[in-house]
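K.L.:
Sequence:
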Amino acid sequence: MSTETQLSSRYNPHDLEPALYERWEKGGYFTADPVRSAEPYTIVIPPPNVTGYLHIGHALNNTLQDILIRWRRMQGKDALWVPGTDHAGIATQHVVEKKLWKDEHLDRRDLGREKFLERVWAWRDQYGTRIITQLKRLGCSCDWSRTRFTMDAGLSRAVLTVFKRLFEEGLIYRGDYLVNWSPKLQTALSDDEVEYKMVKGHLWHIRYPMADGEGSIIVATTRPETMLGDTAVAVHPEDERYKHLIGRQVKLPLMHRLIPIIADTFVEREFGTGAVKVTPAHDPNDYDMGLRHELKMINILTPDGHLNDNAGPYKGLEILAGRKKVVEDLEAQGLLIKVEDHEHSVGHDYRSGCVVEPYLSKQWFVKMKPLTGPAIEAVRSGRIQFVPSHYENVYYHWMENVRDWCISRQLWWGHRIPIYYCADCGHIWCEVERAPKGCPRCSSPRIHQDPDVLDTWFSSALWPFSTLGWPDKTPELDKYYPTNTLVTAHEIIFFWVARMIIMGLKFMGDIPFSKVVINPLVMDEHGKKMSKSSGTAIDPIEVIDQICADSIRLTMASYPTQSRHISLSDKRFESMRNFSNKLWNATRFVLMNTEDLSAESLAAGPDPKFLELEDKWILANLNRATQQATAALEQFGFDAYVDSVYKLIWNYYCDWYVELVKDRLYSSDPAGQGRLTPASRTTAQVVLVSVLEQILRLLHPVAPFITEEIWQNLKSRWGNGNSRFDSDVLMTARWPEAAPAAEGEAAIESAMNLIQEAIGRIRAIRGELNVPPGTKVDIDIVTSNTVRLDLLDLQQHYIRNLTAIGELRFGSAHTLAGFSSTAVIEDVTIHVMLPEELRAQERTRLDKEIARLEKGVSGAEKKLSNEKFIGGAPADVVQAERDKLEKLKIELAALAAKRKGLE
RNA sequence: GGGUGGGUAGCUCAGUUGGUUAGAGCACCAGCCUUACAAGCUGGGGGUCCAGGGUUCGAGUCCCUGCCCACCCA
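Quick note, my numbering runs 103 ahead of the 1-based positions in the first sequence.
This list has only true hints and no planted wrong ones.
Capping the alpha-carbon separation at 35 Å, the derived lysine-lysine pairs in DSBU-like fashion look like this:
no.: 1; residue 1: K300; residue 2: K441
no.: 2; residue 1: K818; residue 2: K685
no.: 3; residue 1: K418; residue 2: K300
no.: 4; residue 1: K205; residue 2: K300
no.: 5; residue 1: K287; residue 2: K470
no.: 6; residue 1: K765; residue 2: K685
no.: 7; residue 1: K129; residue 2: K180
no.: 8; residue 1: K609; residue 2: K472
no.: 9; residue 1: K765; residue 2: K990
no.: 10; residue 1: K399; residue 2: K287
no.: 11; residue 1: K951; residue 2: K990
no.: 12; residue 1: K205; residue 2: K218
no.: 13; residue 1: K180; residue 2: K685
no.: 14; residue 1: K992; residue 2: K966
no.: 15; residue 1: K818; residue 2: K750
no.: 16; residue 1: K618; residue 2: K674
no.: 17; residue 1: K712; residue 2: K765
no.: 18; residue 1: K750; residue 2: K879
no.: 19; residue 1: K441; residue 2: K427
no.: 20; residue 1: K879; residue 2: K958
no.: 21; residue 1: K470; residue 2: K618
no.: 22; residue 1: K1003; residue 2: K958
no.: 23; residue 1: K1003; residue 2: K987
no.: 24; residue 1: K201; residue 2: K418
no.: 25; residue 1: K712; residue 2: K685
no.: 26; residue 1: K987; residue 2: K966
In short, the hints are calculated from the structure, not lab data.
Please work from the sequences and hints to get the whole structure.
P.N.:
Structure follows, in structure tokens:
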């Protein structure tokens, strides 16, 4: 929009956005400077998965971060938003393996570890920047010069340094553990990678004969094949049915092994038969019972999900085939008592979708208990605050019930565990500097490194300090750590937020951030999870293409951020696009009507002598919106922030202010009177432009593109010699500070309210009685209140200009003759003179009004006749109720009298 | 099974320590191409605030019980 003659009547953002972004980026405005003395404000991005593409959750999360960063930057802070991606071990390896198979029909093992990793890096170099590019489309003002990747050299050094220290302190250990095993991916999964789904299955009742041949006990199970690994049967210690059997032995069918009947309170008496088989190596609850009762743990599975040697005759069968055979054999032996339908929850690998098997294997762990104390304290003491605060309970709950963290992943892509094993003396040690040549204990050259890599979250946990240069002491680390705010989704409070707090306290000796803002989950418009398969997923890039980046940002930010999830409807994008268009057109109006406004006049500001009521009113509202927007942002109330600026622009500036100044703008007669003088016109122009300029600043953090575009246009016209335009770009202009409410503001507000109310009543009468818009009507405004009479009389141009008026009279008595429709605002009565044939319609309209008022009167009277109310309620509440009743009574009397005259 | 959040207009949601006649956007109805904007303007209809109890002068708001929904954990 270089000159106003080229302005389109519709906002057309598509060419503007990339150009503006390039200008910001080239100008270096995103770059933080540790040398600057300005106070820092820092956010580290939740690193998106390097294989990922921008989804709607990212759009929300990053919009909120960008609002905070842009706002603080405008406040003069040295704002740093650290961007980057994580290497997403399983996801990335999976993607590259799939591609390798599709393109070359090769398995990763065909290539070997080194060659395969070269391929992954090549893939990452080619595709890993996609999501970064998409963040730029969204307008994110990250400091791209500090982009990090969890696998880059610096961050890898941080990972090894942390590993070594934890290992040396005995906080990393290797243990047998029942892990969630994905037979398909052949790796252990963290608890968080397991998705529980309700599955329709069966409950098999199986008879286990007593070892001494006297009777039997019946157990119920959902996974009969695991009986091959049973090492006990458990009953509740107080279960009268089984009490006498505790301590005796049963003969495990098919395997012919003797196993004990044990007592454990874990057993639910009501479930199944009240007796459960115990398979410690293949069920987490059984595992715990196994530990409690020192039971044998028999693994019956191979890593790829087949039955192994311990399954005897069933060896080699795949799990489900094994189940079928076991059930058949039990039935053949008459040991299968019954089969019931049963729905139960089954863990699935959230990536491959396969059923997760609890599986006993050697893994590396981080001991969590010793680390949680300071992390809990950091939140309890308030040094770290969650927003909304109720998420703190979620955090405590997890921290207090924390389990050790399995950090091994059976993958090639990731930080390889720096542990070595000696084949000769069995020594196990950690080495991070360089690959060792031999065993430090026995000097044997027969050593090998652990083949596994670390969980990706291990490196993400270090993100707030590793990205700033740790373990080196850098100026960045010194200035920007602890960071200020973390914005993320609640589902990763455990595996990311909590671990960052732990690691930050452990290795930096300080919290990683002081505020954790939890943004809601984005659901579809009916509150269900979005999914590609059901077609409910919204692609933010598509929205940007079709609508624009500002609108998607406005939409995301306008949802209530304190709720748990938001139901996103694409209608909202449209309404925000309309809003952008509204602002655009308001600008067109301003530019069209200020062509003769000089830079000097604007720089000088409005002349107080010529400020009209509407000027004072919009300035007061601008100030209030500034105060509200700032307060909202301080409390992370993004929706309240957007709402206050939205209302300022649309409902105050466009709906009223622009309409009210039109007469002044349009008057060009040098000999004009009153408000229609050249000086008044200039004043209106100055206010019009200055308010718009401040609106742009207020809106910039959420809608950076359109505001920058318009602001540049204002700057090019009026920038000379005006300190308001000192900054090269809006994004580094100063955030406005609200002034204390000016004296007389309440009077201005109430005068304007009366006028707006009067205009509204006249419009409503015309609308309800279907008076054609072009028809001019005579109006008689009557009141005995001289203050109001003077005000209305003096400011009658507002009413004249905003409604189609013939004759307009003011006085203490109704002087116009003929039929009229009547509205009452307290002691002011407005008569709208109309043709006689509308009499019936007016009666109906009045009846409705009277009924409304009567309801109010009786309500207020009831309250005021209650002595307990008079005595119990605060005096101001009682007075307000009296005032209300008074007002309603006056209005009601006036309308009732009028109604009577219409009979 | 445990935990957390929620149930307010047809839809999505606001509603500040309890205090005017419960609001907004979208949708709907009626009328307008009024020289910034039809992606607009003006007016209108629409709610037993999930149910039941309690506290209180006063409850959408606080407490209890129940029902329903969502998410997290097991």
